[in-house]
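Asker: Below are the chains, spelled out letter by letter.
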Amino acid sequence: MADKTPATNGREATPIVHMDKIEKHFGNIIALAGVSFDVVAGECHCLLGDNGAGKSTFIKTMSGVHKPTKGEILFEGKPMVFDSPRDAMDAGIATVFQDLAMIPLMSVTRNFFMGREPTKGRWPLKRMDMQKANDETMRAMRELGINLRGPDQAVGTLSGGERQTVAIARAVYFGAKVLILDEPTSALGVRQTSNVLATIDRVRKQGVAVVFITHNVRHALAVGDRFTVLNRGKTLGTAKRGDITGNELQDMMAGGQEMAELEGSLGGTV
Amino acid sequence: MADKTPATNGREATPIVHMDKIEKHFGNIIALAGVSFDVVAGECHCLLGDNGAGKSTFIKTMSGVHKPTKGEILFEGKPMVFDSPRDAMDAGIATVFQDLAMIPLMSVTRNFFMGREPTKGRWPLKRMDMQKANDETMRAMRELGINLRGPDQAVGTLSGGERQTVAIARAVYFGAKVLILDEPTSALGVRQTSNVLATIDRVRKQGVAVVFITHNVRHALAVGDRFTVLNRGKTLGTAKRGDITGNELQDMMAGGQEMAELEGSLGGTV
Amino acid sequence: MADVAPIVADERLKREGVVTTLMKRPELGAVAGAIAVTIFFLFTASPTMFTLSGVMNFMTPAAQLGILAIGAAMLMIAGEFDLSIGSMVAFSGLIFGAFVVTFGMPLVIAIPATFAIAAALGVLNGTIVLKTGLPSFIVTLAFLFILRGASLVGLKIATGGSTQLRGVRDALSGDWLAPIFSGNAFTGLFTYLGKIGVIDTFPNGTTKVPGIPVEILWFIAFALIATYVLLRTPQGNWIFASGGDENAASNSGVPVRKVKISLFVLTACCATLVAIITVIDAGSTDARRGFMKEFEAIIAAVIGGCLLTGGYGSAIGAFFGAIIFGMVTIGLTYTNFDQDWYQVFLGAMLLAAVLFNNFIRKRVTGER
Amino acid sequence: MADVAPIVADERLKREGVVTTLMKRPELGAVAGAIAVTIFFLFTASPTMFTLSGVMNFMTPAAQLGILAIGAAMLMIAGEFDLSIGSMVAFSGLIFGAFVVTFGMPLVIAIPATFAIAAALGVLNGTIVLKTGLPSFIVTLAFLFILRGASLVGLKIATGGSTQLRGVRDALSGDWLAPIFSGNAFTGLFTYLGKIGVIDTFPNGTTKVPGIPVEILWFIAFALIATYVLLRTPQGNWIFASGGDENAASNSGVPVRKVKISLFVLTACCATLVAIITVIDAGSTDARRGFMKEFEAIIAAVIGGCLLTGGYGSAIGAFFGAIIFGMVTIGLTYTNFDQDWYQVFLGAMLLAAVLFNNFIRKRVTGER
Amino acid sequence: EKIIVVTHGQANDPFWSVVKNGVEEAAKETGADVDYRAPETFDMVKMGQLIDAAVNQQPDGLVVSIPDADALGPSIERAVQAGIPVISMNAGSDVSKKLGALLHVGQDEFTAGKRAGEKLKEMGGKDALCVNQEVGNVSLDQRCAGFKEGFGGKVEVLPTSNDPTDVKSKVQAALQSNADIDTILGLGAATVGEPAVQAVEAVGRGGKVNVASFDLSAGFLKDVADGKAAFAIDQQQYLQGYLPVVFLHMYAKYGLIPASDVASGPNLITKDKASQVIELSAKGIR
Ligand SMILES: Nc1ncnc2c1ncn2[C@@H]1O[C@H](COP(=O)(O)OP(=O)(O)OP(=O)(O)O)[C@@H](O)[C@H]1O
Ligand SMILES: Nc1ncnc2c1ncn2[C@@H]1O[C@H](COP(=O)(O)OP(=O)(O)OP(=O)(O)O)[C@@H](O)[C@H]1O
Ligand SMILES: [Mg+2]
Ligand SMILES: [Mg+2]
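Residue numbers (our numbering), protein chains in the order written: chain A, 311 to 580; chain B, 311 to 580; chain C, 2 to 369; chain D, 2 to 369; chain E, 8 to 293.
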């Protein structure tokens with residue numbers, strides 16, 4: 311697919327985030343060996359690749375968790391250094407991390423608004439608006455197809471999918487300019503998955519730039535505008551929607567290695 | 311599908327595990343409201359259902375983590391009370407939990423063999439056979455398509471898919487009679503997924519009873535012999551392979567609620 | 002997406018009583034412990050323990066400990082320890098005493114200056130912990146020794162060789178700020194109540210209880226404010242988040258560093274408040290002040306339901322934890338047992354109080 | 002599935018030196034701290050500190066602390082605390098002293114009997130912690146008080162009113178087991194070395210160092226065994242797992258309860274070993290033995306790299322942590338510093354030692 | 008009739024346990040109901056609260072030690088106001104009368120330290136260690152301060168913990184690094200005196216270094232008797248516990264009270280007397 315890479319050259323819009331030749335080393339482990347990537351407003355850019363390819367590490371440098379060992383980040387055209395995830399958030403980047411970044415002992419509402427709590431009243435009586443926070447949380451969760459028993463259940467006691475939905479709903483709620491989703495549908499049921507995909511589609515149409523990581527080719531094809539494949543810390547290339555078929559994409563995601571043969575309906579895409 | 315339930319009545323083999331009208335309450339939360347389920351040797355029984363339906367809670371009672379509030383567990387026909395997961399393991403039940411049950415600070419090998427370490431030498435010099443443990447771990451991981459950098463990397467620094475693969479490889483390695491997999495493929499790449507599905511197929515043919523939880527209809531259909539759908543803590547019924555189509559199954563998994571409409575290739579099964 | 006499912010009563014919930022709901026809160030467990038201890042002393046202690054003066058008597062040490070315990074609890078909720086609190090009491094006491102006695106400053110200057118120095122030490126503690134990533138246990142332990150040693154040296158310098166600095170009361174006589182930090186509040190009211198016979202008086206006519214010791218008021222006010230901050234403000238949310246999972250909190254945009262440093266400053270200031278109150282009240286300070294108070298504060302916080310691993314606990318819990326601790330230590334002197342057995346009783350009562358609290362909570366909330 | 006990918010050199014790894022690999026181990030950080038402290042004293046302390054007798058002199062308290070610290074470290078790795086260690090030293094000392102002096106038992110009975118009682122108390126501690134789910138901090142804290150108080154009461158009963166029980170040495174003179182638990186080992190060798198002039202002698206011809214104090218040998222042996230258990234046996238794996246994540250460990254089949262209870266027994270037995278050694282050596286025991294040793298043990302374990310949250314640490318780290326602590330506390334007396342500053346220096350040196358250790362590790366292993 | 012004793016010394020401190028034994032003996036003999044109270048560490052704030060607690064119980068007599076007149080003064084005055092007869096003991100002879108106590112039993116730590124210093128100076132001491140097992144405890148600090156004054160020569164305070172092994176190692180370290188030390192004063196016989204003697208032996212300076220210690224312990228007395236240590240300073244603290252209770256009993260019963268303070272010490276126990284008191288010391292009477 312290396313020959314298909316120039317396909318992106320034709321794009322006009324300046325990217326909101328442009329990551330240039332990012333490298334990231336952990337001690338003696340090289341997780342990223344020079345990855346370039348950009349995303350423009352109103353598109354959904356899928357980041358695909360084998361397990362351990364470096365996808366999560368890459369988006370973590372984008373959202374201020376890791377500092378790149380080498381390489382540059384341009385935000386809206388200007389070089390930018392995010393010192394903490396809070397900086398990235400203030401710039402309008404919201405992320406669903408693969409590990410969800412939630413506090414098990416705290417309630418759903420408190421996790422939802424963690425770091426950006428709605429307040430009411432004036433100092434010194436400025437306080438959290440719990441009523442509003444609870445309502446918004448329940449509403450946002452219902453939109454994604456989860457009916458919580460109550461907004462004060464501890465996140466640690468939620469089911470895997472319920473928990474993931476909290477993280478997605480939160481990111482969607484706060485994702486002003488860029489929304490990064492690291493395998494957001496991995497634990498979701500069919501109904502919740504289709505809701506999330508529909509949500510991605512909706513926010514993209516509202517002009518938000520979406521970075522979507524998934525292992526499911528069908529999900530990627532359903533909402534993706536461009537597809538970038540990582541393998542062992544390097545880019546294999548980027549393709550536009552329509553330039554590539556599901557089977558081609560699947561082969562690339564497997565890192566070029568052969569897959570076990572399966573009977574039945576799995577002949578096509580997993 | 312309630313009318314299809316009797317389909318299973320025709321089976322001859324006595325189930326290895328038979329769970330009878332299991333209820334489980336957490337304080338005032340009712341997670342399971344009477345679920346019956348069984349699995350026989352050599353079959354793959356898929357447990358499906360919406361997020362929060364109670365699947366994980368159910369298999370946790372099966373593997374000794376939770377004690378059921380009501381109901382009975384028959385193991386090889388005899389009533390059985392598992393006081394701890396270790397009891398269940400000693401009986402030959404191995405589980406991949408949704409949260410993986412791994413210690414982030416410990417190495418891959420130590421996690422792999424946790425609780426059942428291979429030893430060499432005699433007391434008082436009976437010690438862990440690290441060489442063997444490392445080799446077996448690397449081999450088991452490679453079989454599922456993950457090439458680890460080394461067996462002594464801390465699990466906490468592995469990628470999501472790598473970590474999940476450790477948990478699966480461990481369960482397969484120790485799953486003598488029953489293998490329970492709670493959404494084992496959620497974080498896996500396409501190659502690893504097909505490896506896992508192939509592995510399920512292989513161990514089933516070796517006579518192991520497999521309980522497979524997934525949200526992916528295609529995965530379920532690829533390896534499942536029977537399908538049980540849970541909804542809000544209750545069974546919707548059980549169907550045999552061939553008695554049900556992917557679309558029917560998908561509708562049931564969504565709990566009968568409508569799904570968001572999606573353009574493109576997602577018209578069929580998610 | 003428009004047709005969002007309506008909110009319906011959920012069939013997956015059993016009904017639960019108000020009691021159950023209340024008992025799930027960590028602080029209310031500590032209340033159960035406090036009640037158990039009270040009942041114990043009602044039966045075993047001299048009845049004077051629960052007269053007005055008896056209550057003030059055990060509430061005073063409880064209040065002094067409690068101010069420290071609430072600060073320690075908030076820091077523990079954020080996942081860190083401050084072992085230097087006790088030494089900080091001695092050190093702040095020395096600084097304050099020296100300001101007042103040696104330099105003759107009025108309180109209106111001496112108090113802010115002492116707090117400023119304490120806050121600076123808090124920032125130092127916090128910064129070292131965060132910059133180096135060392136456990137706060139070990140960093141503040143170093144300050145436990147350093148500040149204790151510095152108090153000794155400082156006292157010797159300030160007094161010309163003694164380890165006891167006296168004369169604070171004389172130096173402050175007539176200072177208008179003193180009543181806020183020492184002595185008793187509402188003395189007028191109490192004298193009046195004594196006159197009309199509502200409260201007991203000594204043979205010479207003075208009331209047995211001259212008023213409410215100010216530390217008790219500080220203690221209650223601080224407990225209320227801390228609870229409000231923890232439960233009702235964004236900052237409270239950040240404190241819980243920082244302690245629950247530092248990485249997750251920081252990834253979700255919580256300014257973890259600022260939160261933790263502020264709390265190190267808070268514990269240092271709590272120690273300073275206690276130091277100022279006790280130094281003015283006692284009129285003196287010495288190198289042993291606050292000895293082991295860091296552990297007592299942590300103990301009170303843990304009795305009150307704080308987890309040592311962070312992320313869970315409450316200020317009200319620490320409030321009752323301090324009262325339990327104060328009531329047990331002073332209360333035992335109202336009973337008729339031999340002082341040799343004191344520690345055995347103390348240990349047994351602590352254990353009994355937390356066991357009871359735990360038992361009640363388990364009963365009420367069902368398994369788990 | 003047959004065609005498993007072959008093992009190939011991984012291009013995603015940078016090469017790293019042996020030093021880096023070594024320094025990643027938690028224990029080797031503590032070694033760096035120990036070296037830093039040694040260098041400091043080489044420059045500031047009287048040269049007698051590093052003569053043979055000087056080394057034995059600071060190694061003796063280090064060894065006694067270290068035996069406790071290694072036990073505490075193993076328990077901390079498993080995610081629990083034992084605050085009753087120090088009181089256990091006093092209590093076991095009393096029991097042992099009473100067995101030997103009051104009941105006249107020979108060591109071969111008294112020692113196992115004392116260990117049995119200590120083990121039973123360890124089981125009690127562990128069982129309460131596990132059955133109730135209360136934090137071990139609070140449960141063992143109760144035992145801190147209870148055992149300390151019981152030692153006082155017991156001593157008074159055993160002696161008829163004094164807090165010191167003496168006469169142990171007389172009661173044991175000639176007991177064949179005594180040399181294993183007291184005095185010096187290899188005395189013959191040392192006398193010989195003294196004769197041929199390899200080691201210093203006093204004017205009267207006796208060697209300055211009569212032998213190696215047995216506690217040092219116990220200490221080293223225990224450190225080696227503990228390290229072996231932690232790193233090379235299944236039980237070691239279980240200890241790390243229990244502390245790393247109790248739920249995950251139990252779900253993976255680790256017998257978490259058994260592991261924890263055994264470790265509570267271990268810490269109680271460590272305290273008893275120290276008690277027996279010191280009681281025989283001193284010939285007496287008193288109610289204050291082991292005071293605050295629980296904190297010193299935890300401090301040594303933390304200096305040696307143990308996490309308070311569990312799941313991480315090493316016995317060798319605790320070994321060096323105890324040596325650092327012993328060297329600093331005793332070493333400062335060899336220097337010319339004004340002893341008023343003792344605690345300031347102690348704190349500063351602790352901080353410097355852990356900062357140095359941390360700095361080295363960060364340098365060597367790269368960021369994170 | 009109820010008498011409450013509040014001191015600054017913990018029940019497990021060897022010195023104070025003897026005081027407490029004296030209190031108990033007096034209680035037995037007079038038939039009075041006597042309670043002994045003390046804070047868990049040297050803590051003046053807590054001690055004041057314990058006195059307040061005692062006053063609340065309206066006893067027929069109160070015995071207190073006064074190591075810090077500023078901190079304890081108000082509580083003691085409150086007791087006097089409440090009409091409770093107060094006798095002070097051990098520390099506080101200088102302020103006892105001013106605060107309204109009937110009389111004082113015992114003597115100043117400072118005076119005792121000074122006395123020891125003078126004696127050790129007489130024995131030829133020039134360079135001394137004052138080994139303090141609880142730095143910051145004002146009454147111990149005063150012992151060292153008094154010693155410094157009486158001794159006249161060079162005195163260094165060596166802070167240690169309560170642990171005998173620790174004390175021995177530290178004293179040994181001090182002796183090794185400073186060959187001029189010829190005198191050691193311990194502030195507690197069991198915790199400091201005994202290990203200090205061992206340390207002196209271990210560095211081979213037995214006979215060249217004079218070891219003396221405050222308070223008595225059977226082990227240290229044996230060292231004195233054997234000539235390994237110079238003397239022990241005895242305050243006869245048993246009397247400090249015993250006498251005030253008896254006095255208060257007499258006062259309550261007949262209104263009798265001695266007219267002046269009672270000095271219970273200091274009393275130097277040297278080689279000739281040591282062996283006689285060993286037995287009493289082992290029983291917690293001396
Ligand atoms: N903190 C770390 N320390 C050491 N190695 C790390 C660390 N974080 C990630 N790695 C390694 O870097 C590689 C890339 O990890 P990353 O999590 O980015 O993969 P990924 O593409 O997200 O995989 P997956 O699809 O399984 O989530 C992995 O091999 C992992 O082991
Ligand atoms: N310990 C607990 N305390 C309280 N409620 C719990 C607890 N564990 C699970 N629940 C609740 O029980 C319900 C079932 O949870 P469970 O994890 O079994 O769902 P699941 O079917 O596995 O869902 P998913 O597909 O999202 O993993 C959820 O609504 C959850 O909130
Ligand atoms: Mg990932
Ligand atoms: Mg689940």
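No lab work stands behind these hints: they were computed from the structure.
Check before you lean on any hint, since a few could be wrong.
[To be verified] With a straight-line cut-off of 20 Å between C-alpha atoms, the simulated EDC-like cross-links for lysine to aspartate or glutamate are:
hint, chain 1, residue 1, chain 2, residue 2
1, E, 9, C, 171
2, E, 105, C, 171
3, C, 259, A, 397
4, C, 259, A, 400
5, E, 290, C, 339
6, C, 259, A, 393
7, D, 132, B, 397
8, D, 209, E, 134
[What the hints assert, rightly or not] Here are some chain B residues the structure puts well away from chain A; computed CB gaps all over 10 Å:
hint, residue
9, 335
10, 360
11, 456
12, 493
[As the list claims (entries may be wrong)] From the structure, some residues in chain E lie toward chain C, with a derived Cβ separation under 10 Å:
hint, residue
13, 77
14, 118
15, 186
Positions of the beta carbon are idealized from the N, C-alpha and C atoms, including for glycine.
Asker: If you check each hint against the structure, which ones fail?
Answerer: 1, 8, 10, 11, 12, 14, 15
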